[in-house]
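S.K.: From first to last, the protein sequence lines are chains E and X.
In this text, residue positions in the first sequence follow the numbering used here: the first is 106, and each later residue adds one.
In this text, residue positions in the second sequence follow the numbering used here: the first is 106, and each later residue adds one.
Don't take every hint at face value.
Identical copies carry no separate label here, and so any pair may be met within one copy or between two of them.
[Claimed, not checked] For lysine to aspartate or glutamate, the following EDC-like pairs were computed, each having C-alpha atoms within a straight-line distance of at most 16 Å: (1) Lys229 <-> Glu377; (2) Lys163 <-> Glu115; (3) Lys276 <-> Asp303; (4) Lys281 <-> Asp303; (5) Lys163 <-> Asp448.
Quick caveat, the hints were computed from the structure, so don't treat them as lab data.
Small disclaimer: the values here were computed from a predicted structure and weren't measured.
There are 2 protein chains.
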Amino acid sequence: MRRINREFYERSGADGFIVSSRQNKYYLAGLYSSRGYVLCCQDEMEVLVDGRYYAEMKSRYPQENIVLCPDHAAMMHEINAFIRRSRISRIGLEGNYLTYHAYQKLSDEIDCEAVSVDLDGLRKIKDSFEIESMRKACRIACDSLQQILPAIHAGMCEKEVENLLVFTMKKNGAQKESFDVIVASGLHGAFPHAKASDRVIGENELVTIDYGCRVNEYCSDITRTICIGHCSEELHRIYDMVLSAHDAALKTIRPGALCGDVDAAARKVIEEAGYGKYFPHNLGHSIGIEDHEEPCFAPGSQELLFPGMILSDEPGIYIEGLGGVRIEDDVLVTEEGCEMLSDFERKLIEL
Amino acid sequence: MRRINREFYERSGADGFIVSSRQNKYYLAGLYSSRGYVLCCQDEMEVLVDGRYYAEMKSRYPQENIVLCPDHAAMMHEINAFIRRSRISRIGLEGNYLTYHAYQKLSDEIDCEAVSVDLDGLRKIKDSFEIESMRKACRIACDSLQQILPAIHAGMCEKEVENLLVFTMKKNGAQKESFDVIVASGLHGAFPHAKASDRVIGENELVTIDYGCRVNEYCSDITRTICIGHCSEELHRIYDMVLSAHDAALKTIRPGALCGDVDAAARKVIEEAGYGKYFPHNLGHSIGIEDHEEPCFAPGSQELLFPGMILSDEPGIYIEGLGGVRIEDDVLVTEEGCEMLSDFERKLIEL
Numbered sequence: 106m107r108r109i110n111r112e113f114y115e116r117s118g119a120d121g122f123i124v125s126s127r128q129n130k131y132y133l134a135g136l137y138s139s140r141g142y143v144l145c146c147q148d149e150m151e152v153l154v155d156g157r158y159y160a161e162m163k164s165r166y167p168q169e170n171i172v173l174c175p176d177h178a179a180m181m182h183e184i185n186a187f188i189r190r191s192r193i194s195r196i197g198l199e200g201n202y203l204t205y206h207a208y209q210k211l212s213d214e215i216d217c218e219a220v221s222v223d224l225d226g227l228r229k230i231k232d233s234f235e236i237e238s239m240r241k242a243c244r245i246a247c248d249s250l251q252q253i254l255p256a257i258h259a260g261m262c263e264k265e266v267e268n269l270l271v272f273t274m275k276k277n278g279a280q281k282e283s284f285d286v287i288v289a290s291g292l293h294g295a296f297p298h299a300k301a302s303d304r305v306i307g308e309n310e311l312v313t314i315d316y317g318c319r320v321n322e323y324c325s326d327i328t329r330t331i332c333i334g335h336c337s338e339e340l341h342r343i344y345d346m347v348l349s350a351h352d353a354a355l356k357t358i359r360p361g362a363l364c365g366d367v368d369a370a371a372r373k374v375i376e377e378a379g380y381g382k383y384f385p386h387n388l389g390h391s392i393g394i395e396d397h398e399e400p401c402f403a404p405g406s407q408e409l410l411f412p413g414m415i416l417s418d419e420p421g422i423y424i425e426g427l428g429g430v431r432i433e434d435d436v437l438v439t440e441e442g443c444e445m446l447s448d449f450e451r452k453l454i455e456l
Numbered sequence: 106m107r108r109i110n111r112e113f114y115e116r117s118g119a120d121g122f123i124v125s126s127r128q129n130k131y132y133l134a135g136l137y138s139s140r141g142y143v144l145c146c147q148d149e150m151e152v153l154v155d156g157r158y159y160a161e162m163k164s165r166y167p168q169e170n171i172v173l174c175p176d177h178a179a180m181m182h183e184i185n186a187f188i189r190r191s192r193i194s195r196i197g198l199e200g201n202y203l204t205y206h207a208y209q210k211l212s213d214e215i216d217c218e219a220v221s222v223d224l225d226g227l228r229k230i231k232d233s234f235e236i237e238s239m240r241k242a243c244r245i246a247c248d249s250l251q252q253i254l255p256a257i258h259a260g261m262c263e264k265e266v267e268n269l270l271v272f273t274m275k276k277n278g279a280q281k282e283s284f285d286v287i288v289a290s291g292l293h294g295a296f297p298h299a300k301a302s303d304r305v306i307g308e309n310e311l312v313t314i315d316y317g318c319r320v321n322e323y324c325s326d327i328t329r330t331i332c333i334g335h336c337s338e339e340l341h342r343i344y345d346m347v348l349s350a351h352d353a354a355l356k357t358i359r360p361g362a363l364c365g366d367v368d369a370a371a372r373k374v375i376e377e378a379g380y381g382k383y384f385p386h387n388l389g390h391s392i393g394i395e396d397h398e399e400p401c402f403a404p405g406s407q408e409l410l411f412p413g414m415i416l417s418d419e420p421g422i423y424i425e426g427l428g429g430v431r432i433e434d435d436v437l438v439t440e441e442g443c444e445m446l447s448d449f450e451r452k453l454i455e456l
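Isolated chain E, as found in the complex (with noise of 0.2 Å):
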């Protein structure tokens, strides 16, 4: 089980925290639920569960304070408890996961005053356990995608692509995909977040996969843009373009920088060969238990990178009429500079 450290006790002003969305009471107590309740003060933690999860919950952690609490008033009464015996003033919600009226409820029923926090910074820097659960996503994902390029061909629609690709990921032993795969070919390739559709994939066509899959509930994000046939010498162009500035993203990641400054890296390369009002989104984004995090290579943004963090690199060229190339990668801040945790040919394949 991990700690809440005592900078988010000080920047929020609580002396305590009731712990309710699944990502961070996993980070804090490895419980992936959508009920029960991880309670923290600085001296102690105490872990709310009903019936499912208890015995499983009892084993793992034999010498944490698990308390069963079949429901709803169960739950209330064990965290009045807590308030009182911690001598809890300001107990800290989640306002950014909880809906209004289970922040109404939750802070009518609790013996003390509530206040909103955001928790999620928590989560910013991977410990070993989290970087190997997500270098084995990032290498699930990439050799599924080897796996089933020999299957891909004009003609098939980009939805058969996304479910051999999500088969093959689940096959090859991750959870399931981080998110829903996006498969967009052509002209569709245009449009950043298109789903994949009952679009058949023509020759001589662009494709771009942008997908991942998760281990012990963590998630790779991975893009490559590939071609069926041979593509035309300016969509040649535009991928290169678009490889250019991810490797000059790639050389600024290191302990110290400013995301700011790793998107303008990239964003720089682009926009000099004209080309930067086709590139409408973030560089990139943080990755761990949700497939999107904070921080975000953004432009102007003033975070700092420190070793342990994980975000995509993942510049993109998107032209109405014409189609897209984005690629992306999994990057791991380390103690010199970083590393790549997906593995895949860059350069374009040509099927």
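Here the structure of chain E is known, so what remains is to put chain X in place on it, guided by the hints.
M.R.: Just chain X now, kept in the frame of chain E:
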């Protein structure tokens, strides 16, 4: 597009609504997106979307008021213009879906009073498009299980069954699974919410498969418990008891019946056989854009059934150290009585 009935205005005391949840935006305006808003008052409806959805929405609904809002500031500007133009003094926000943070921000930024409302009741009664979508989602789910039955065998793990079933449903035209498929074999069957795991399915074991898929965003939700080989006489007896409970409930489903009475009809069969304490959940729940909606077949529920409601009928018996059985079908309330949308052998299948 659909309108919010007068009843919701009267009950909430609001003279307008800002609809923000994906499910209610899709229901009212065909917009399946986490971003954007549907604004409603008694005379008018307006849909605010970003650049990803504008062209598609405009072409689908040329007569409707679709407004392109590239960012948050533009959304707020339009919302306040709508409030002024429609002379709204009190507007309903979806406090059961908006996070506490988002609710506070929105209510701070609007030029009128905010009140928390629950709009899910809008979706209780399904129209013909919704019914046909769910009928198709049921058909694909049933056909897919039928197709993979020959491939299920002892020695295969639960996750392999899950993966093959999801792959087959998508191949047969489903958008995706409705929820994480449950495959619970042998002793795992005693846990109603067991996830598909690495557990290897043994000879002469029961396997409970609780699954479904989406068509036009509408879910199916079906459970079958099958046997690999031959199971014990006791499990056979339990299976027949669950099937009798399922049938007893079906006989009571008709317009005007109370949801609690449908639950009671099934529960009576199981209680009279002395297994009441092994049936720890509600008999069923409504299904639609979400896999769990209101109302439920819950003990004591005073909710009335109306034609067009679709609920699951899913009695189950779970005994630790022995295993479990659940049989679930999706049932449409018709003018005369009810109709099962899922059509799959309900007698015990022994593979």
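S.K.: Indicate, hint by hint, whether the structure satisfies it.
M.R.: Hint check:
In this assembly of identical chains, the alpha carbons of Lys229 and Glu377 never lie at most 16 Å apart, being 32 Å within a copy and 55 Å across copies at closest. Within a single copy, Lys163 and Glu115 get their C-alpha atoms no closer than 31 Å, and across copies no closer than 49 Å, so neither meets the 16 Å cut-off. In this homomeric assembly, Lys276 and Asp303 come within 16 Å of each other (Cα to Cα) only across copies, at 11 Å, whereas the closest approach inside a single copy is 24 Å. Proximity of Lys281 to Asp303 under the C-alpha cut-off of 16 Å is restricted to the inter-copy arrangement: shortest distance 13 Å between copies versus 22 Å within a copy.
In this assembly of identical chains, Lys163 and Asp448 lie within 16 Å of each other by CA distance neither inside one copy nor across copies; the values are 38 Å within and 42 Å between.
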